[in-house]
Amino acid sequence: MRVVIGEDEVLLRRGLELVLGGGGFDVVDAVGDARALEESVAAHRPDLVVTDIRMPPTFTDEGLVAAARIRAQFTGTAVVVLSQHVQRRYAVELLSDRAGGVGYLLKQRIADVDTFLEDLREVATGGTAIDPDIVAMMVARARLSDVAVGRLTARQQEVLALVAEGRSNASIAARLFLTEKAVVQHTSRIYDALSLPVNSDAHRRVLAVLHYLNQE
Amino acid sequence: MARTDSSTEAVRGRAHTTLRSPGPGHSPLRRSFDRALLAILVSGLLFAVLLVALLPLDGPASGVLVLFPINLVVYLLAGLLAWYNRPSNRMGALILLAGGAVFLGGAGNTEIPLFVIIGTIGASLPLAVLVHLLLAFPTGELRGSLERFTVGAGYVTAVFLQMPSYMLSADGPAPTLIITDAPGLAEAGTAVQSAVGGAVLLLTAGLLAIRLGQATGLERRVLVPLYGYGIVAMAVLLFSTRLVRTLLDWGPEAVGILQLSAFLGVPVAFALAVLRGGVARTGELEELGAWLGAAGDEKPAIASALARTLGDPSIEVWFWVHGRSTFVDVDGVDISDARSGERRGLEVVELDGRLIGAISYDEALMPDPELARTASRVVAIALDRERLTAELRSSRHALQLSRERLVEAADQERRRIAQDMHDGLQVKLVLLALEAQQMAGATGLGSGDQVAIRATALRRGIDDAAAELRGLVHSVMPAALIQRGLSAAAEDLVDRMPIPTTLHLGVVDGECSPVVESVAYFIVAEALTNAVKYSEAQRIRVSLVRREASLHIEVSDDGRGGARTPGGSGLLGMSERIDVLGGTLVVDSEHGQGTHIKVEVPCG
Chain S
1 MRVVIGEDEV LLRRGLELVL GGGGFDVVDA VGDARALEES VAAHRPDLVV TDIRMPPTFT
61 DEGLVAAARI RAQFTGTAVV VLSQHVQRRY AVELLSDRAG GVGYLLKQRI ADVDTFLEDL
121 REVATGGTAI DPDIVAMMVA RARLSDVAVG RLTARQQEVL ALVAEGRSNA SIAARLFLTE
181 KAVVQHTSRI YDALSLPVNS DAHRRVLAVL HYLNQE
Chain L
1 MARTDSSTEA VRGRAHTTLR SPGPGHSPLR RSFDRALLAI LVSGLLFAVL LVALLPLDGP
61 ASGVLVLFPI NLVVYLLAGL LAWYNRPSNR MGALILLAGG AVFLGGAGNT EIPLFVIIGT
121 IGASLPLAVL VHLLLAFPTG ELRGSLERFT VGAGYVTAVF LQMPSYMLSA DGPAPTLIIT
181 DAPGLAEAGT AVQSAVGGAV LLLTAGLLAI RLGQATGLER RVLVPLYGYG IVAMAVLLFS
241 TRLVRTLLDW GPEAVGILQL SAFLGVPVAF ALAVLRGGVA RTGELEELGA WLGAAGDEKP
301 AIASALARTL GDPSIEVWFW VHGRSTFVDV DGVDISDARS GERRGLEVVE LDGRLIGAIS
361 YDEALMPDPE LARTASRVVA IALDRERLTA ELRSSRHALQ LSRERLVEAA DQERRRIAQD
421 MHDGLQVKLV LLALEAQQMA GATGLGSGDQ VAIRATALRR GIDDAAAELR GLVHSVMPAA
481 LIQRGLSAAA EDLVDRMPIP TTLHLGVVDG ECSPVVESVA YFIVAEALTN AVKYSEAQRI
541 RVSLVRREAS LHIEVSDDGR GGARTPGGSG LLGMSERIDV LGGTLVVDSE HGQGTHIKVE
601 VPCG
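These protein sequence lines map, in sequence, to chains S and L.
Numbering-wise (full-length UniProt numbering), the first sequence opens with residue 1 and increments by one.
Numbering-wise (full-length UniProt numbering), the second sequence opens with residue 1 and increments by one.
No wet-lab data here; the hints were simulated from the structure.
Computed from a predicted model, the values in this text were never measured in an experiment.
Take the hints with a grain of salt, since some may be wrong.
[Claimed, not checked] Simulated crosslink set (SDA-like; lysine to any residue; CA at most 20 Å straight-line):
| no. | chain 1 | residue 1 | chain 2 | residue 2 |
| --- | --- | --- | --- | --- |
| 1 | L | K598 | L | G562 |
| 2 | L | K533 | S | D112 |
| 3 | L | K533 | L | D558 |
| 4 | L | K598 | L | S556 |
| 5 | L | K598 | L | V532 |
| 6 | L | K598 | L | R539 |
| 7 | L | K533 | L | R416 |
| 8 | L | K428 | S | D112 |
| 9 | L | K533 | S | A140 |
[Said to hold, decoys possible] Rough simulated footprint, nothing fancy, chain S against chain L, three-plus residues with beta-carbon under 8 Å:
| no. | stretch |
| --- | --- |
| 10 | 144–157 |
| 11 | 465–471 |
| 12 | 480–487 |
Just so you know, even glycine gets a beta-carbon here, dropped at the ideal spot from N, CA and C.
Starting from the given sequences, assemble the full structure and let the hints guide the process.
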């Protein structure tokens, strides 16, 4: 699986190369700014791009802008955006055109290498990975303003959060020490409670749940 | 610093400059006016010298005759003094006119035929002028038609009814004027003149009595002696020739001395009354205008200028303080209701529809509120200037204090960050390092699984420390604010609220400067933090709207209210930031009514 890395801090860039290389990824290029990143992606057509959000020259949201352009231009390339601080608006923007092949994670998640690599593989194969921090915040927010979410059991809320993070049923089952069947039961009850259409497609499921949580 | 202070002192010192009369050197108009008065003075003195030269002062009636030039000089000086100090009041001119009548009286006693003729014709003019003076006081102008008639009748009596006395008698003073010798007719003519003159005197006395009746107590203090003296002087002029001579058996010289002495007091009385004030005079608003045009440095306080102009020493000028919706006096002391007590008139001063101040005056001294209204219009701009100066002075002082507090606030913030890092992060990192060292020392002793478990725990600890650092960095300067701007950052803030919070956004990121956005963000952050900590609110509403070049920030909750301002350091910090941008902060936090914070900062 071929990867291009965009990260301006040299130490972190090198660290990412090592982690991804050790995880079985083929790091074809590692660059330090958004422009070089887009050029590299055009040249290498990688399966996955891992990029920092904040890069030269303005150190604002170049990574996010580049990610949106890459996703629009190269449909075969998945993108994971890393950030010091995650927020709802950026997640919504990343997911605005289509789900799948996109990830938005706190930089800090790199330290939990196994989970991080699992998330990258999920995204590279067309999945979605939204940082638990954003999802937790969105669920908490929905719990305050949405009666239906407030009525969900604690376990259902856990499952809802994991669905929103982009986890597959198998992954959710493994995390919560449940059978996949139990997870399916939970999700269908959640869908009933929130009046969401049952959707077997994993990506659409993420979009629907995130859309539901994101509403005002 | 020292320089700033001394210049402030200079400004203060200037405010206490005493009232200067609108003396020479103010305007070209004023200078030519001064020259004209000087010309009148010189020519008047020449006439006085002429009288001294021509009158037979070594003759038998010298005691009477010497009073003519003295009278003339007194009239001249009194008239000029009144005119000089009250250029727009006609009383000064009238007094000078009376001086002219005195000269005619004197001229009739010389031996120059032409002088004798005009002196004879105008012999009774002083009487008419006296009526004119009395009825024209205090403005110098006649108000009603009855007054104009009375004065006209006075002049007719003095000039035309005088004719029989010198035309029909063979022993008249001016032989060239005699047309026939009919002593009976002359006698009758004089009797008619006395009768009509008496009627004019009565009419005048009646009119003055009506005026006194309408006047207030303070006005009467000026008017009663003046009118009384005027009437007595008139009576003396009119009747002393007959009554005193017959009743008291005085000689003609004694009677003449009595008449001229009585007449001598007239200009002094009128000039004093005009200059003393106490009776309002409309014409002098022009002088107020002249004062307003005077060089700024020498301009006395508005209140004293108004007091002088309107003749009310008790006049006070109040300034309107918009922020507190109250009047303050020149010393910045709030005006209580007691001070706007009874018999105090209040005239509000407005400029371009804005309330800027008020003039508080004695209703007794200024019965006509229109006068105060006109005055308020004239001084509006100057009053606003004085108000702005006062505001500027106080805002400069406030600015200095604000600067100091800003430096202090920045220091406090640094201290807080240092403290947080020291108490939290540093301790955590030390413990993590300790754990790592223990693991290194224990390697080989435990099984591989145990090492893995401990290493994972160590990683989680480092994760926590990193999260804490992230939170700290975010609290100092949130990423969204730098990356996108106010609305993105505010959204993130609201997203993470543990209380249901709605956000209304009416501002596009980048519309306001980064400084304004940052200040707005921290105001919202501070308000929300306070709401979470203290308000016990169920709902919070945040609104950020840009309207008419201002950013309006509102944070309202339905909690228990009672937020203190500016006591609470958080709110104080907010107000400092807002002050720096020239914005305003209103905190409405009554107990049980929730807290409503409204901030407006310029956003051009």
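Subject >> Hint check against the structure, violated hint numbers in rising order >> reply: 2, 10
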